[in-house]
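Chemist: This is what each chain is made of:
Protein chains: 2
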Amino acid sequence: MTTVDAVTDEAVESLRNTVDPRLRELLAALIRHLHAFARETRLTPPEWENAVAFLTETGRTCTDTRQEFILLSDVLGLSTVVETVNGHRAPGATESTVLGPFHLTESPVRELGADIDLVGTGEPCVINGVVRSTDGTPLPGAVVDVWQADPHGFYDVQQPGVQPSGNGRGLFTADAEGRFRFRTCVPCAYPVPADGPVGSLLKATGRHPYRPAHIHFIASAAGHTPVTTHVFVAGGEYLDSDAVFAVKKSLVKDFTPTDDPVLAAEFGVPNPFRHARFDLVLERA
Amino acid sequence: MTTVDAVTDEAVESLRNTVDPRLRELLAALIRHLHAFARETRLTPPEWENAVAFLTETGRTCTDTRQEFILLSDVLGLSTVVETVNGHRAPGATESTVLGPFHLTESPVRELGADIDLVGTGEPCVINGVVRSTDGTPLPGAVVDVWQADPHGFYDVQQPGVQPSGNGRGLFTADAEGRFRFRTCVPCAYPVPADGPVGSLLKATGRHPYRPAHIHFIASAAGHTPVTTHVFVAGGEYLDSDAVFAVKKSLVKDFTPTDDPVLAAEFGVPNPFRHARFDLVLERA
Numbered sequence: 012m013t014t015v016d017a018v019t020d021e022a023v024e025s026l027r028n029t030v031d032p033r034l035r036e037l038l039a040a041l042i043r044h045l046h047a048f049a050r051e052t053r054l055t056p057p058e059w060e061n062a063v064a065f066l067t068e069t070g071r072t073c074t075d076t077r078q079e080f081i082l083l084s085d086v087l088g089l090s091t092v093v094e095t096v097n098g099h100r101a102p103g104a105t106e107s108t109v110l111g112p113f114h115l116t117e118s119p120v121r122e123l124g125a126d127i128d129l130v131g132t133g134e135p136c137v138i139n140g141v142v143r144s145t146d147g148t149p150l151p152g153a154v155v156d157v158w159q160a161d162p163h164g165f166y167d168v169q170q171p172g173v174q175p176s177g178n179g180r181g182l183f184t185a186d187a188e189g190r191f192r193f194r195t196c197v198p199c200a201y202p203v204p205a206d207g208p209v210g211s212l213l214k215a216t217g218r219h220p221y222r223p224a225h226i227h228f229i230a231s232a233a234g235h236t237p238v239t240t241h242v243f244v245a246g247g248e249y250l251d252s253d254a255v256f257a258v259k260k261s262l263v264k265d266f267t268p269t270d271d272p273v274l275a276a277e278f279g280v281p282n283p284f285r286h287a288r289f290d291l292v293l294e295r296a
Numbered sequence: 012m013t014t015v016d017a018v019t020d021e022a023v024e025s026l027r028n029t030v031d032p033r034l035r036e037l038l039a040a041l042i043r044h045l046h047a048f049a050r051e052t053r054l055t056p057p058e059w060e061n062a063v064a065f066l067t068e069t070g071r072t073c074t075d076t077r078q079e080f081i082l083l084s085d086v087l088g089l090s091t092v093v094e095t096v097n098g099h100r101a102p103g104a105t106e107s108t109v110l111g112p113f114h115l116t117e118s119p120v121r122e123l124g125a126d127i128d129l130v131g132t133g134e135p136c137v138i139n140g141v142v143r144s145t146d147g148t149p150l151p152g153a154v155v156d157v158w159q160a161d162p163h164g165f166y167d168v169q170q171p172g173v174q175p176s177g178n179g180r181g182l183f184t185a186d187a188e189g190r191f192r193f194r195t196c197v198p199c200a201y202p203v204p205a206d207g208p209v210g211s212l213l214k215a216t217g218r219h220p221y222r223p224a225h226i227h228f229i230a231s232a233a234g235h236t237p238v239t240t241h242v243f244v245a246g247g248e249y250l251d252s253d254a255v256f257a258v259k260k261s262l263v264k265d266f267t268p269t270d271d272p273v274l275a276a277e278f279g280v281p282n283p284f285r286h287a288r289f290d291l292v293l294e295r296a
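So the sequences go chain by chain: A and B. Going by the working numbering, the first sequence opens with residue 12, and the numbers climb by one from there. Going by the working numbering, the second sequence opens with residue 12, and the numbers climb by one from there.
Just so you know, these hints were derived from the structure itself, not from any lab. Any given hint could be a false lead.
As the list claims (entries may be wrong) - Just some of the chain B residues that point at chain A, by a computed CB distance under 10 Å:
id, residue
1, 71
2, 78
3, 94
Think of the CB as a built atom: it goes at the ideal place given N, C-alpha and C, for glycine as much as any other residue.
Kindly produce the complete structure, drawing on both the sequences and the hints.
Modeler: Encoded structure:
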């Protein structure tokens, strides 16, 4: 039977018949930390009830196109910790950052050079780069999944019927030299969805909900560990106060204003345009 | 910008404009423990995704009559920790235990001695006791809220249309000497709801879902701290392996088989019956 001091050991001990040793390890650590949190803070029953109500509301806010638990993990910095503790990246490999809550649909397969801005209201830009291994070898056939918000700061899945499905998304396959390129519009800073429980949490803690301008990437290639990352626009707002703690210096790149009719024609964009180079360097699995 | 070591400090520091100092304290502790959990276990992105899916499913399982987050807190032992760290109970005060997930409706007001078993299929029993202060003073007008499962192990809210609403529940007011009494059926051991994500968690960890037989109480009186507690049936199964870690020795009481036609008539129950005495001792607020 339970005494105040014994309950943690008792709860951990209750896991003794768990078949999967990793599950047992994770749950034991979770129980120890949850209990320590409640003890250190002397969490009161009304505070616990508020926490239950908050989690319930967070669950109620999740839909097929909205993931409030990922957003919660993001604004608490947990997603960044998970990304970073798993990054045994070899020197020179592209740093990872959070997945975020908007990778909810499959990106449409597109030809290299295609425009992912299906609406065309933003400032045109070109992103190109090479997917390579940390030893410098290009990775032909590497797959580059990209997604970004529109110039008003919304993803397609947030605005069904307003944005065409697949706007801001593309799945590209690198060419024989590992090169990829696509057209898009320059991303802008935007607030994370702030009309749900996570928004209330940000408000109660005096935090702004903004993320600095960025484009999401997942790059993968045979024999290599995939990387989930962003490219951030150098000089943009909120680089030092990202609501989800995802900015890493190595991921901030110049989106260089370029006035070059020849290059514009080569890239198939109106001149002038902006241009960012972002190589994706993967380590061997 | 974020580095692996800095993100915890950065996330805690982001709370600096929180108006409510207690909220800031709680969130800072939560962030530190969540991050430490992920670091210690080297939580992987797929494991994190499983956790997000689990929480989402837990949210989806909550309804007006089912609270899966409370159940989750219960089976992890967290609810018991919260109850016990808040128990600065004076010597002799009744020990608290968890609220559980079934205190979802208001208990119907009933006269002292009334039967809360509206179906009448169980073994009749009488519970009586005195609500008093730790100095021994009876507390007239104290309110005693009770709720329990039926003889098949289900609460009324779990079986709308099967059990009458309010079955197993009653809100009693103690008499001028602080006494309360009610009729019911002897409670039985029952499984917590095991068809949702918490049930899957119990299964994956080789745990049974049973709770030992009990009746829930919340006792409150002017000038005193309310107590949320249970009475457990002595000699019953699962007293040493309660799925929610809520058993305390002082709360286990004999439900004494009683063959006494005079007493039966006094209590208004068929003879023989079972009888438990459970005093509720509150400390001054």
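Chemist: Are any of the numbered hints broken by this structure? If so, which, sorted upward?
Modeler: none
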